[in-house]
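Student: Start from chain A and add chain B according to the hints.
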Amino acid sequence: MLRRRILAVPRLVVLMLALPLFLGLTGCGAKAESASAQIFAMDTIMTLSGYGQNSQEKLDEAVQLIYQLEDILSVTDENSDVWRLNHADGQWVTVSPYTLYIVQQGVYLAEATGGAIDPTIYPAMTAWGFTTGDYQVPDQTSLDELLSLVDYTKIQIDEENSAIQIPADMMLDLGALAKGYTSDLVAEVLADLDYAVISLGGNAYVIGEKADGDPWRVGIQDPSGGGYLAIISPEGGNAVITSGGYQRFFEEDGQVYWHILDPETAAPAESDLISVTVIGEDGLVCDGLSTALFVMGLDQSCEFWRSQQDQNLNLNFDLILVDSQGVIYVTETIYDSFVLVDGVENPVEVIAP
Amino acid sequence: MKKNILIGFLVLVVAISTATILSKGGDEPATVRITVGGTTVNEIPLSGNSLPKTITVNGKDGGENTVVVEEGRVCISCADCPDQICVNQGWITDSTLPIVCLPHQVIIEIVGGESSGLDTATG
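Chains as they are written, first to last, in our numbering: chain A, 1 to 353; chain B, 1 to 123.
Just chain B, same shape as in the assembly:
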């Protein structure tokens, strides 16, 4: 009897945790997610003692993008892609729009953290 109650309790805890995670994903600390060709290659907290941090991302076609993460913001500081659109975009500070390097198939996006309060953005 006691065992059954314990199992029931554990099931309940797992269920509540899962529901909490599902419904409150936005409360996770803000993280920079770097993907190449759709695969996540790095995740870096957007806050903390390890910043500022500069890393090199190896994109498709042998391309390289240099990513700088500072407290609360991230940018691609230089890249050897032809169009330089990713560099020109400058810093992003929230999840509204990612930085994209199309030639290298690199995406830098901020996930989690406080909502920017924006539904979308143009520019």
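Isolated chain A, as found in the complex:
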């Protein structure tokens, strides 16, 4: 789903629907129970559901963890790690282990993708209005100035002291990573359940095996309209994360500007892709790559997938790409667990290793 910045969403919109749903007559005598929770956090709606022993307690624990992460990673909450870093005037800032890890991984993914994703993109996101919804097209002079502020190589990390330093005027935005990372940490909390589904505003993570033994069925939204394009059936323990330009965008003078910015231009990425879905065990990696590969475009994305083994990247992922002509590209390793939705006639091509 779309990158949404972390925003301090007021807790008054919290909708706790954490009702234990006993399985009616068929559930008699069984101690395992199903539970679900729906909350607003990180600028989106999140749904957790699971089945197993103590499912309610586990879900409650997961919800608390999500709020904790939101407090730490918010760009607008003045007590958050990210806010303190962005207003430290170039000084070192001691951060939580969560922040340290996500920034480390962000820099790692930036390096791995040749800067196609950059955790320091925040000033550019702000200039375009994607952080507030007050959309505008900055002039070229502003863009050139912004570019000097977008440079992940300037992030200093002191792992031993859990501290980070960025130059004054530079700002971090972990919005392209935070939900993926959150899904990883929530998945750890729910790992002992028989099965569970984590949906963080359209970022999905599935855990375990369903009671009926049926495969998981995760719908991939059709980027050119309502409904679904395809269904992917990942094994339990995998994230499915989609990025595209089709939900958060604006139009001015007939031109469409979407929220995924190319760190090289500080402007919306000129991509031949309209949707990038990344499937893998590491939600943070999938989240970051879904943005980076959108920026890189079709050919480079395929190359990047092929090279994941020999580059020692320690990344393990599969792809479903949709180009601007509607052609769907699926990596060979997951082709057997991919089906088009009934009635969808888009051409499908296999990305071979």
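Bear in mind the hints are in silico, worked out from the structure with no lab data behind them. Do not rely on the hints blindly, as some may be mistaken.
Partner residues aside, some chain A positions facing chain B, computed with beta carbon under 7 angstroms [what the hints assert, rightly or not]: (1) 133; (2) 137; (3) 140; (4) 221; (5) 242.
Even for Gly, the Cβ is constructed at its ideal location relative to N, Cα and C.
Tutor: This is chain B only, laid out in the frame that chain A set:
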């Protein structure tokens, strides 16, 4: 004696009905549920002669979202929120993912009806 049997029967009927409702919630006809700030403000059947139907939802901060319900699908056709994400989402046809207007705290979701067969979705 007869009375006791009758009461016993009534208790049994109530128990079975309750159990049936609990275990078969999914068989309720599909309905569009509209909530603002967590409170349900409207429920509209997703099928029937009253469709198509266009209604205005008064969200938080004085915001307005125009909701269009057609046979089997619902969308937010326009809204005065800054980000327009709710409008850009387009139509939904099942309960897998709701439409959310975060600035107005409006949620449009489909409840009941036939299962989509999906466990979740991304996009």
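Student: Please go over all the hints and tell whether each is borne out by the structure.
Tutor: Each hint tested on the structure:
1. Nearest Cβ of chain B to the Cβ of residue 133 of chain A: about 3 angstroms, under the 7 angstroms cut. The hint holds.
2. Given hint, residue 137 of chain A at the interface with chain B, is violated; its Cβ is 16 angstroms from that chain's nearest Cβ, farther than 7 angstroms.
3. A hinted interface residue such as residue 140 of chain A counts as satisfied when its beta carbon comes closer than 7 angstroms to some beta carbon of chain B; here the least separation is about 25 angstroms, so the hint is violated.
4. A cut of 7 angstroms between beta carbons decides the hint on residue 221 of chain A: the least distance to chain B is about 2 angstroms, and the hint holds.
5. Checking residue 242 of chain A against chain B by beta carbon gives a least distance of about 4 angstroms; that is within 7 angstroms, so the hint holds.
When each numbered hint is compared with the structure, violations occur for hints 2, 3.
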